[in-house]
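J.: Residues per chain are reported as follows:
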Amino acid sequence: MSIPDYMQCAEDHQTVLVVVQPVGIVPEDEFFRIYKRITSVAQVSIRDSQRNLYIRYRHHYLPENNEWGDFQTHRKVVGLISVTTCGSAKEWPQTSDRFHCQKDVFGATLYDSRLLVFGLQGEIAEQQRTDVAFYPSYDDCPDVEKRVEDFVESIFIVLESKRLDRATDKSGDKIPLLCVPFEKKDFVGLDTDSRHYKKRCQGRMRKHVGDLCLQAGMLQDALVHYHMAVELLRSVNDFLWLGAALEGLCSASVIFHYPGGTAGKASGREPSLAHGALTANGISADTSSEIGRAKNCLGPEDIIEKYKEAISYYGKYKNAGVIELEACVKAVRVLAIQKRAMEASEFLQNAVYINLGQLSEEEKIQRYSILSELYHLIGFHRKSAFFKRVAAMQCVAPTIPEPGWRACYKLLLETLSGYSLCLDPKDFSKGSHRGWAAVQVRLLHELVYASRRMGNPGLSVRHLSFLLQTMLDLLSDQEKKEVTQSLENYTSKCPGGMEVLTLPDGLKLPPVPLSKLPIVRSVKLLDLPVSLRPHKQKGLLENNMSSKSPFIYSPIIMHTRGEERTKKIEFRWVQGDVCEVQLMVYNPMPFELRVEHMGLLTSGVEFEALPAALSLPAESGLYPVTLVGVPRTAGNINISGYHTSVFGVTSDCLLDGLPSVRTSGCVVEVIPSLPRLQLSTSLPRSAHPLRPSKEELSSSVSVQLFNGETQQLTITLENIGSEDLETLEVTSKTCNTKEKLFGEFLSWDLEEAVSQLPLKPGQSVTLTVNVKVRLDFSGGENLLQDLNDDGISVTGLPISSPLRQVLKPRAETKPLGSESSKTDYNHVKTLEAVMTFKYSGGAGKMEGYYRDLSLGVHVDVEPSVFFTRVSTLPATRTRQCHLLLDVFNSTEHELMVSANNNQDLVLHPSECQRMAIQVAKFDFHTLPQPDQEAVRYTNPKLLEEERLHAQASMISSTLGITWNIISFDGEASVEGVLNQLVLEHLQLAPLQWDVVVNGKPCDCDIIADCKVGDAVPLEVKLTNRSKNAVGPFALTVVPFQDYQNGVQNYDLQDAVTFIGSNTFYIDMVKPTENSACMGALLFLYTGDFYLNIKFQDDSAGQGKELPPSWFGLPSVHIKALEAPIEAGA
Amino acid sequence: MAVCIAVIAKENYPLYIRSVPVQNELKFHYTVHTSLDVVEEKISAVGKAMADQRELYLGLLYPTEDYKVYGYVTNSKVKFVIVADSSNTSLRDNEIRSMFRKLHNSFTDVMCNPFYNPGDTIQSKAFDSMVSAMMVQAS
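Chains as they are written, first to last, in UniProt numbering: chain A, 1 to 1129; chain B, 1 to 139.
It should be emphasised that the hints constitute simulated quantities derived from the structure, not laboratory data.
Mixed in with the good hints there might be a few duds.
Said to hold, decoys possible - In the PhoX-like style, the derived pairs of lysine-lysine whose C-alpha atoms are separated by at most 25 Å in a straight line are: (1) A:Lys760 to A:Lys536; (2) B:Lys27 to A:Lys480; (3) A:Lys308 to B:Lys68.
Just chain A, same shape as in the assembly (with noise of 0.2 Å):
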């Protein structure tokens, strides 16, 4: 007996064994199919006595182990059930002698046979026979139960006659003296007749007994033989048997407390066998038995003991080793149901020392299979799942011409639990790495290689992955090398995807996504370039009112973790347009890594990625990697996450798997196409960008101008997108500049542009910009005290003749002071302005989304002209007067100044001239008017500067200085020059009084003609547009005669005489309103007078509160021509 039966239990001694087998040519399908209809029927409740016969069928035994029968009954087998295949009548002799054949094996243990027998057509001459049942198929045969049950029973039958014979304690015949088959020759020549023999002999018999009873069903009688025999066999020492008496009490006590059996499975019991057990033990019978059994019963303490004794005793005989290991495999199976796992472990520890000889390989995978189980049994899965690697390693041991890879790789993946090890990999995703990580390590190391020789690649290259994803951490450098170089080298053949690979029986791998490879640290979405970001239309029904609470504003922020992915972020996307995402990555490795494929996974709206291949340095630090794509429908995009190509395995990483990546939201809005423009100019782009850089701008040019010149700026939008562009505005704006600037600095016209809207991809438009600069022009600050000291400030009073002489002489060309000062001159002034272009169009143009495209402009400003001064000098009218400039060259060119009527001046580098220009004065109430309601709102300071602004650049529009250095031109603007005092002196008097003689209007330099003799009418008229009424006034008109030698003669009283009087009176003069009075003069002799119009003392009262240039009246100068003879006479 060498080979142990790992599936014994302890109720197995209560069975009776029964083999069934084939006989001849049976399909074996066929054959399991009738053997499992056979076994079905394993307990049989025997008529008339209550009792219940447990049958134990195998399909296979060796008849030597029959040869042990004796020693245990449950070995012995009994019964006989022969399946033979029989066509026709003919073949029938030759199967019925196979079938005496195959009785003869079994043949003196037998205590009965069967034989069905299939497919027979026809009729069989023989006589009917009971040991044989014809069966016209295999599929048509209703009553083998039925047939097999009845079997049963003979068999029942003979084994109580053979209990009966045996138990009845025949003192008198001498008791045959049963032995196991290695015991044969010891006995050879004993002393038959001795006590010890006879005891030896009672022992051994008693012992039988009791397994017959227990098989037959009489647990009270086996537990009452088996006592006996325990006592008489250690009397004489007989330690085998003795082992085998106390198991048999073990046994049969196990049954009495476990009737749900301890094999763990349901072994072909009913499930009703508790009750069937009590009563078929006669629970109806007197209460004695009852108490008598319980008495020979072992308690459950006592069963462990004497196993362990049993065990001890069976240790001594090296030959019983089979019985020792399945005793010890049933005295577990009890301990497992009493959930002693401690106990247990050490009748397993026993277990493996046993000695069985030499095992074949086969042999050593089923008992390492079977200690793996029976550790799982207990409870113990780290040992279970050491001896089942144990045994997946035996499948493969060197010595086995053909290794069972397959059968290895399966028992790996079992120990998996033990090793606490599941293949997905969404169980590491929490946190570090938990668990014993050699072992581990070592386990999927073994499955790798296991898959590699079982010709699978593709679990070698996921249970790779898993031990790169799931133990990185753990691995040496040489070990990750190695492990990716073997990964490389099977995914040559059989590349990594992210499908679930199912195993024949079932089990389903996950994928495997290498999100360590690299790692990922943030993820951020970008914002489209400035110039491609679109904006939302304003007043266009915004509908963003997104808080849910009815709250206006409320402290209480309703947050949720993880809201932080799904939010929403600030910007857009645009569908069409290319659109970034960036990821912090690094490299865990100790070499480069080549990562391939690498795109963005998204949900929510068509997107196409744009896969890209990087390679990052070993042990890098994070590294940015911009992942791009574009999105071709609208609406919200979720990016998910991200895909990879790492040593030819392709992984899709979801971010939701990723506690570690930090995101600030990952959905974001697509809006419709827009269309796309690109912006191209004729000046050369800006090298530095402008300084204030808190708008970024998508293109900037800068251009070097004099002050005062004006440049042309084409600039080119061409349409690069895929939307026609319906709309264009363009806005610009000033901005930092501590320059003061006078005039529009860029201006452009639209209206030929927009004419060729709406514009088609690829089309492009072309608008021209006029950058005009007009900066000061001022020399500086001590200006006003320059003009302050010369002296010729006017003090409005009228000066009939020109005081030209009277100016302070000049030096033509004034030297600079210090060199300081001329660099302050040269100081080269810039300008920035943004353009800004909106455009719109196509679908993203309905849902109200415009894109901005700005333009920044960089001039840097040279100086051209300064006036250092300015001044003013009445001239001869009284509404005119000349405007004194002090003309100063600050380039390194020869400057022609001009302006409206007047000549050129030509000015030296350096130089600094003097320019009259002699100018109407200016009448600002034309002006227009701010309105009221802008009036009302605005800062009155800024209102005056606005005044004064209009102010000054109409007079710089009338004066129209320009300048000329060779090739450019520019015009020179006053404005900034201008101070209070000078434009005071510009301005006309709000009184304004005018002269007619002879009815026309009189002036200083207009001679009026008249004729001696006649009177000539003169009239004062008086125009008030001051806010306040004037007056009354008293004016009178003093004649005189200049010799144009300084000597002015005003005796001429019989030369000039009045007509009336010669002084005129106004009356009070209200605002706007005017008041005119009359006189006559009557020249009596030819020549040029000039009549002075003076205020009389009594007014001067009144006009010392008004400014004195309020009161300029105009000297009139009337030449009395001789008058013509006729009419004289």
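Using the hints, position chain B against chain A.
T.: Same frame as chain A, now just chain B:
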């Protein structure tokens, strides 16, 4: 003396493991790993009522052909396992106990280190040298 000393975390993963024949370390990994079954069994066998006055020393976990495996569990369920050579009969239970006590003291020192994160593998030099002193000197 010991041939292998291991410290195992509450969650049953090794915090520290060291064995003398370095070339066959994995064998000891398996030995210690499987001994955890017994440790768990012993802990659960004691029962909850007795938990506070439980003996930390678990005694011999299981003998193998070549080695004897001893166990010790702290109150925080950190396990110490010492594997000793079976042939070394001079090793008494008391000596094993004192070895465990020393191990426990040293482990407490490691835990007291404010720079040590509970759950990390032990890299303390003091602990290492203490363990070395308890190990069989590789001849």
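J.: Kindly indicate which numbered hints from before are broken by the structure, ordering the numbers from low to high.
T.: Hints that this structure does not satisfy do not exist here, as all of them hold.
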